[in-house]
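A.B. asks: Take a look at the letters that make up each chain.
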Amino acid sequence: MTNDMKREFIQAMLNRRQLLQAAGAGTAAVALSGLGSAASAQEKVELTIWAWTPNTQSEIDLFTKAFPNISVKLENAGQGPDEYVKLRNAVRAGTGLPDVGQVEFTNIPGFRQLQALLDMGQYGANDVKDKFIDWTWASASEGDAVYGIPWDSGPMGILYRADVLDAHKIAVPKTWAEFAESSKALSKASPNTYLTNFGGTADGGWVIALLAQAGWKPFELNGTDLKLHLNDAIAKKWAVYWQDLIDANAVGVKTPVWTTDWFTGLDEGTYASWLTGAWGAVFIPQFAKKSNGHWRAAPLPQWEEGKYVSANLGGSTFAVFNTTKHPKEATQLAVFLGSDPETARLWNTKQFLFPVLKDLVADPELMSHKYDLYGGQAVNEIFVESAKHVDSSFQYAPFQDYLAGQVQQELSASIGGKGSLSDAFDRLQEVVSAYCSDQGYTVSQ
Amino acid sequence: MAALKSRTRRYRVSKRLAPYLFLAPFALLFIAFLIAPMVYAFTLAIYKTTVVGGTRFVGAENFVRALSDPKFWQGVTVLLQFALIQIPGMVAVALLIALILDSGTVYAKSFFRVSLFLPYAVPAVIATLIWGYLYGPAFGPFTQLANLLGLPPPNFLTPGMMLPSIANIANWEYTGYQMIIYYAALQAIPADLEEAASMDGASSLIYALKVKLPLIVPMVVVTIIFSIIGSLQLFSEPYLLHNLSPTVINNAYTPNYYAYTLAFTNQQYNYSAAVSFVLGGVTAVISYAFMLIVNRGGRT
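Chains A and B, in that order, give the protein sequences.
According to numbering that gives the first Met the number 0, the residues represented by the first sequence are 0 to 444, in order.
According to numbering that gives the first Met the number 0, the residues represented by the second sequence are 0 to 299, in order.
Rather than coming from a laboratory, the hints here were simulated on the basis of the structure.
It should be emphasised that the depicted structure is a prediction, and the values quoted were computed from it without experimental measurement.
Do not rely on the hints blindly, as some may be mistaken.
[Claimed, not checked] With a Cα cut of at most 27 Å, we get these calculated DSSO-like pairs of lysine-lysine:
hint : chain 1 : residue 1 : chain 2 : residue 2
1    : B       : Lys70     : A       : Lys253
2    : A       : Lys369    : A       : Lys173
3    : A       : Lys85     : B       : Lys70
4    : A       : Lys387    : A       : Lys216
5    : A       : Lys327    : A       : Lys369
6    : A       : Lys324    : A       : Lys43
7    : A       : Lys324    : A       : Lys349
8    : B       : Lys70     : A       : Lys417
9    : A       : Lys324    : A       : Lys128
Given these sequences and hints, build the entire structure.
C.D. replies: See below:
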């Protein structure tokens, strides 16, 4: 990457107006070359797409039915960070990138920093802009430059096992205080049963989302000056809260999330709930042998009674990589998968992905759709409220993967015996400050 | 006369070129897949690219940093412990099986040879996934068996058990391979030695211990050096077990895992290249030290 490109990026991060100018200048040049190489409608075009959602082929089939001259090869290159490692390798190698890839909102800044994303605005992506809920579109674009077509969002909630809670006469916790009480009550009533499993040892993104709900705003980037306060009072309060539950053996910590053991634990009822995004349900049918129909969704517990603050965990976009030979067709694929009404509806009813299209969120039929997995509960009604209460001012770092990795690393170290969770955030502040200084930022607290 | 001269010249030229031609298939691959990547990695290691400030020449800075990086040395220490746990057991078992197979007292010899070698054909990633499932502390088969018998379930993934657990996977993968090497060396021992030994009244046990074993010691030393090098390169096993036990295995658990994280998660490609080079140096020093010790022991 040249210095100029980097400077452009950093400015872009800070100043939307400057970015608009920079993006505008780039657009003209690329558009000319892009149009020349765009395949004609009759030509056979083959595209590769990377995505980790289960059963993605159903939606791809809808696309190839609508665009018979385009064939699409679907590959699963791993979930989240695993896929991003492969993508970054391919960017670095300059070869091997798919045409279209699943990139979470959190990672759009990182891939823009690598200059890896195609601006789909040049190929007409803005035509569908107004269909999308504003913040989702804004998260993956800058002005007319479009770097990702929003696909789903991850308004958080608590997915719980109604059968397990009923059996122990435990009510669904509305506040974090109640959540702590219920956790202790459940593990006391039934040893080796936990209200939830602590996700911090294996999922840094989960920690960051829950901290965002608590109001954590750990960065302020101003030019190359970076204010970093990862171990502020909000983080400490959060750490003390979970440390208390861990010390009381009231939440599971032994089994890391996203492992077979953990999935089995959810199915067996060892863990009676999962604090996650709306998309969490997509994974349940893959392991549910006993728990199908026993799941329910409820709003995320609150720090202050009577208030409703939610958070967004994950949520993805379709991004096109600028190495694609068919930018026009790749954009068509991304736009179609994100905005075609039938496809978008299927993502929700089949894969439980929470929609990002205004029409769908306002559609009473879809919002009251009853899901067998949830024993007939119309869970969209829960998540649509959650989505409305997400604090969208939370900013992702351009080194989001690194940060999530370090969060997971330090929390794991603490649980492995190296101090408390609160100490973990002190170490995190130290390690990330050193990293950012090394990357050339002027870091202050 | 002229024709003869030109023919001799052509003969001489071709004689001079021949060795290079014979070397070419190896040399080209060697340069393309070893020398070139190393040169590339070295050039990476003497520069530093940062988000703010771009790329600049830093000379030895990355190397100096790697040499004084506690995370790097922690990884090396873990692997030396690992080598001490893993290699002796593997060598002993492989030798024992090779001697038994070679002694001719076994039925279905080739069946045992192939089936013991088979795990080596399983990629390390698959092997770790299989063992990771077996080790599963909540629903793994050992745990289920223990629960069934009312015993406390074993935990293979605790801080104390992790290295033995990884060593077990490595043993499963590589013992058969070592065994084949020893077996081949044993097969190469001339049969007249055995005749001579039995004439002198040596039992087959004595023959194995006093004749066969000393003859293949050089082979054993070589395989131990290869195993030491292999141990210091350990990556797939801890990388995959990290998911199962993040509180024990961090992403600097082994130097290669550290280099991987630096490059592909932290995007510190330059420093990662330097760490890889320093690891190469450490490996060379340790292998050389082992050879010195063995040679000195051999002489006295």
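A.B. asks: For each hint, tell me whether it holds in the structure or not.
C.D. replies: Hints versus structure:
{"no.": "1", "hint": "B:Lys70 / A:Lys253", "result": "holds (25 Å)"}
{"no.": "2", "hint": "A:Lys369 / A:Lys173", "result": "holds (23 Å)"}
{"no.": "3", "hint": "A:Lys85 / B:Lys70", "result": "holds (24 Å)"}
{"no.": "4", "hint": "A:Lys387 / A:Lys216", "result": "holds (20 Å)"}
{"no.": "5", "hint": "A:Lys327 / A:Lys369", "result": "violated (38 Å)"}
{"no.": "6", "hint": "A:Lys324 / A:Lys43", "result": "holds (13 Å)"}
{"no.": "7", "hint": "A:Lys324 / A:Lys349", "result": "violated (32 Å)"}
{"no.": "8", "hint": "B:Lys70 / A:Lys417", "result": "holds (15 Å)"}
{"no.": "9", "hint": "A:Lys324 / A:Lys128", "result": "holds (24 Å)"}
The structure fails hints 5 and 7 (numbered hints given earlier, in ascending order).
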